[in-house]
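Protein chains: 4
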Amino acid sequence: MMRRYVLTITCPDRVGIVAAVTGLIAGHGGSVLEAAQHGDLQTGRFFLRIEIVADSLPPGFGPDELASAFEPVAAEFDMVWHLTDTDRPKRVALLASKEDHCVADLLYRWRADEIECDIACVISNHEDLRGIVEWHGVRFRCVPIVAGAEPDAKAKAFEEIARVLEREQVDVIVLARYMQILPPDFCAARPGRIINIHHSFLPSFAGARPYHQAFERGVKLIGATCHYVTAELDEGPIIEQDTRRIDHADSVEELRRVGRDVERTVLARGLRWHLEDRVLLNGNKTVVFP
Amino acid sequence: MMRRYVLTITCPDRVGIVAAVTGLIAGHGGSVLEAAQHGDLQTGRFFLRIEIVADSLPPGFGPDELASAFEPVAAEFDMVWHLTDTDRPKRVALLASKEDHCVADLLYRWRADEIECDIACVISNHEDLRGIVEWHGVRFRCVPIVAGAEPDAKAKAFEEIARVLEREQVDVIVLARYMQILPPDFCAARPGRIINIHHSFLPSFAGARPYHQAFERGVKLIGATCHYVTAELDEGPIIEQDTRRIDHADSVEELRRVGRDVERTVLARGLRWHLEDRVLLNGNKTVVFP
Amino acid sequence: MMRRYVLTITCPDRVGIVAAVTGLIAGHGGSVLEAAQHGDLQTGRFFLRIEIVADSLPPGFGPDELASAFEPVAAEFDMVWHLTDTDRPKRVALLASKEDHCVADLLYRWRADEIECDIACVISNHEDLRGIVEWHGVRFRCVPIVAGAEPDAKAKAFEEIARVLEREQVDVIVLARYMQILPPDFCAARPGRIINIHHSFLPSFAGARPYHQAFERGVKLIGATCHYVTAELDEGPIIEQDTRRIDHADSVEELRRVGRDVERTVLARGLRWHLEDRVLLNGNKTVVFP
Amino acid sequence: MMRRYVLTITCPDRVGIVAAVTGLIAGHGGSVLEAAQHGDLQTGRFFLRIEIVADSLPPGFGPDELASAFEPVAAEFDMVWHLTDTDRPKRVALLASKEDHCVADLLYRWRADEIECDIACVISNHEDLRGIVEWHGVRFRCVPIVAGAEPDAKAKAFEEIARVLEREQVDVIVLARYMQILPPDFCAARPGRIINIHHSFLPSFAGARPYHQAFERGVKLIGATCHYVTAELDEGPIIEQDTRRIDHADSVEELRRVGRDVERTVLARGLRWHLEDRVLLNGNKTVVFP
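Residue numbers (the working numbering), protein chains in the order written: chain A, 1 to 290; chain B, 1 to 290; chain C, 1 to 290; chain D, 1 to 290.
No wet-lab data here; the hints were simulated from the structure.
Treat the hints with care, as some may be off.
Unchecked claim - If you want the footprint, here are the derived chain A segments under chain C, 3+ residues with CB under 8 Å:
id : segment
1  : 12–18
2  : 32–40
Stated by the list, open to error - Taking beta-carbon pairs under 8 Å as the criterion, some of the chain C residues facing chain D (in silico):
id : residue
3  : H38
4  : I145
5  : R217
6  : L221
7  : T243
Unchecked claim - Label pairs and their in silico Cβ distance ranges:
id : chain 1 : residue 1 : chain 2 : residue 2 : range
8  : B       : H82       : C       : M2        : 36 to 46 Å
9  : D       : R193      : B       : R14       : 29 to 39 Å
10 : D       : R193      : C       : E254      : 29 to 39 Å
11 : B       : E134      : C       : D128      : 58 to 68 Å
Owing to the predicted nature of the structure, the values given are computational and were not obtained by experimental measurement.
Cβ coordinates follow ideal geometry from the N, Cα and C atoms, glycine included.
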């Protein structure tokens, strides 16, 4: 893929935003590959995502120059904005436990160039996944969290995790069936940067053992939800969801098997959109430009 | 369609049930058109549904004779069972309010022979649907329920509804977006005979205004649930569910529009399965042989 | 819904199109409600759709004034463009035969304001649908086409149909299971203005009796396709498609029943997008901004 | 999972088949875990699949004894039948080329016990997949097929493949994106034993480069088809199919990415059903008891 700059903008809606932004880009000869916008009638906020072909801008006019040129427009319209460069892929850490289906799937897609990022490391509280992770040439780091340990043992584990993330310069944390509840301040410090896959169609069956809950309730579809993590468990902004049909003959174990397929595809889709800056936060909801 | 007898059976699971049932049918020369079974490992209950071609049995050996012949087998295996005759279609009453999409859809499918039943009447607390109902040659009965009226006004309305249902010899009551909460004893007296369509993917968004709830939560799919009504609101056994994709640009009004399509198809499917005796109760869950 | 002007544009892709168009609109104070664009890398064509809030433009600056103001921009970029006014709904004619499921569904949605248009008339080669059409207050016109009649009887029938369409000032013709092959010149004279629903997932099972073909081939899903009609049967640009699961136990009659639901929803969706100017032609393909 | 015997039966439909079969099983105390049947009205053939709990039969009454006991019933009803033992998993060979998404997925599912079989070996005409295959502890065998080589070079390659399959005692051959057309006699010698995944919704886009064909035609969904291989390319009995939504903005490369997910899930589902003896041949169609 050719190099692109991706500009994402959120600001109060008013007349002339797109004209100002595209006018600036066109003024420098910039060619727009893709653009999508959304005006939210409820909040009065405006959302914009534009992909600019890097080589269409003049020589020497890189992302820094584009950002500088953009500053006055951003100020005029009171914009919150980000400019990313596809030549600098995001750095991702996967947090996992013993189950490997999401980790194996993401590693496969990364190796097959289906998702563009650097996978900096996989962190787990168990050793089980070391083999598959290292086979992919990715660093594996085990940070044990002992159930029922002294109160601050978990806090210390998360301090260590935070140091690893810092050292690896991680941009995005993916909870690939991590099974541990993150400390609230850990979440609060990384808004819109931690992605979780929950194995139910939220808000149904939040919390523990959703496939058991689904089995007990006798639903006819199961689902999975990819969402940003906030301090409130399973309450963060939803990025993507999907469902699969089951029936009365399916045991909990069969729900798990069917569910793993939904989890994989929903997480992969949600992560890809995040990595391509296609997900914008709108309060506790998301705007997704797929 | 040729005339069939449909036998549905629930009993404790043990060796020889199917052999005994099919042996009896074959012993009278009965030809089986369709059969499906399920052994529930959790409850130890066994579920069986068999369609027998009426004309394959000897002359004079009708549903009553078949039932008599079946009695000893049923007793031996401690069966709860029903035998229905496709020549005696079930009598259905639709309860509706002002919104007509479910009623119009069911009337259409009934007229087009997509669902086999007699629609005995439509009962509503408003006059709005009289035109379309009567155009289909179906009796329309308005039983008003005034919001905020004296406490026993609602009770009296439901006594009147009960009289209509009795007079019309109704087998199945369909709440086709009725919008009124039924009295608990009214529900308790008709287990597995009242079918509701709820406009969400239960257990998400139970209760009032599910599309508003879905909009507020920012889910990426909406759904509908067809279930039997019990005294616990939105908690009865689920017959069928389905979902449709939405996105951030969809207003509550657009969720309603998309949702109406899911409601219609989910209700029509659930009702058809019920009318064809394809739904067996298993505690608060259902076994569906589609 | 508030009044809007919808501008659709197709032109060779180059730098500055969006800046020019949105700059012109913003220059007159125009507020953009929705916008979507697509640059086709294969053909080098650019596609744009913009919804402008009518009341955001100055008093006296209506669609004609906007069109005049837009002329120089259109000329500069060599645009093919259309400007429509949501206060002037498109006039639709439905062509049908004996089967009523698509006609009944579209009439229902029209009456329920799910699709915004004027249904000018329903034309059929049979009398069967007169009752339901006239109940909706829509003119019904029977133009018989006798199978195996003299060669020019069909030509004469289509001349009469053309006169009706002319008199009713019809913008869009919907073949709602019309079952007659249109004369090539009739199609050629109305490019992008005749919409058909074909009861298969094209290009599978083009031509006659697609459910029989699907049954014979033993496919596991059936589908429906909404497309623009061209002189080549079942070869026109596809607007929308969808599929439903079937299995080995489904007879041709059951495929028909399941298929009717897909046909209805696919046709309704495709027609709605067309009526809202969300479908742009790109050679024999479509760009759809849903 | 507990040990089971799976009995599959095809025979002319007549009264008493199920009674005879289940009577025999019950007569030996056999407990039926699952049963499904289908009477084909078009061909007059009857299809039956029964899972018997091995331990419910008397000690010493194993699969051979069950088969012997079953012989008279089979003869009476002119049955084609198979009895398999879940303790003797089927032996599978994967044939692949350079693309690894299907092979990687099947190896993952095999390792995760989602599909029950022995993967005997992976045979490829290229060396690319050796690493991932051997990491899973599976034998990898490269049998090159040079394009444009002398006429009998390909025949010799398939003789070598046949020897490997023979030596490995392979029951099922899976073409996991193999990209080579098999010799007709190779297919004819293995009816119902070679499974292919075709990357389109057959019969649409049979033959080469289906994603290009889909892109050119402008379809709105793409699909995948898992089918048994016969001497007629892409014409064999269909086991499973599914589709995914695409739009005008998706390039051929994006169709490939989306398509890989459908291919994986459709192939895994079809193969699992085959391994569990859930797929019965009915002429050029299949009966699937999922």
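Against the structure, the hints come out as follows:
Check on the segment 12–18 of chain A: 3 of its residues sit with their Cβ under 8 Å from a Cβ of chain C, so the three-residue criterion for coverage holds. For the segment 32–40 of chain A, the proposed coverage by chain C is satisfied: 7 residues have a C-beta within less than 8 Å of a C-beta in that chain, meeting the threshold of three. The closest approach between the C-beta of H38(C) and any C-beta of chain D is roughly 6 Å, which is under the 8 Å cut-off, so the hint is satisfied. Checking I145(C) against chain D by beta carbon gives a least distance of about 30 Å; that is not within 8 Å, so the hint is violated.
Among the interface hints, the one on R217(C) holds; its C-beta lies about 6 Å from the nearest C-beta in chain D, closer than the 8 Å criterion. Restraint check, L221(C) versus chain D: the minimum CB separation of about 5 Å is within 8 Å; hint holds. Taken as an interface hint, T243(C) checks out: its beta carbon lies about 5 Å from the nearest beta carbon of chain D, inside 8 Å. Our hint of 36 to 46 Å for H82(B) and M2(C) is violated, since their Cβ atoms are close to 56 Å apart.
R193(D) and R14(B) have their C-beta atoms about 38 Å apart, which keeps the hinted 29 to 39 Å range intact. In this structure the supplied range 29 to 39 Å holds for R193(D) paired with E254(C), their Cβ-Cβ distance being about 31 Å. About 21 Å separates the C-beta atoms of E134(B) and D128(C), a value inconsistent with the hinted range of 58 to 68 Å.
Of the numbered hints listed earlier, those contradicted by the structure are 4, 8, 11.
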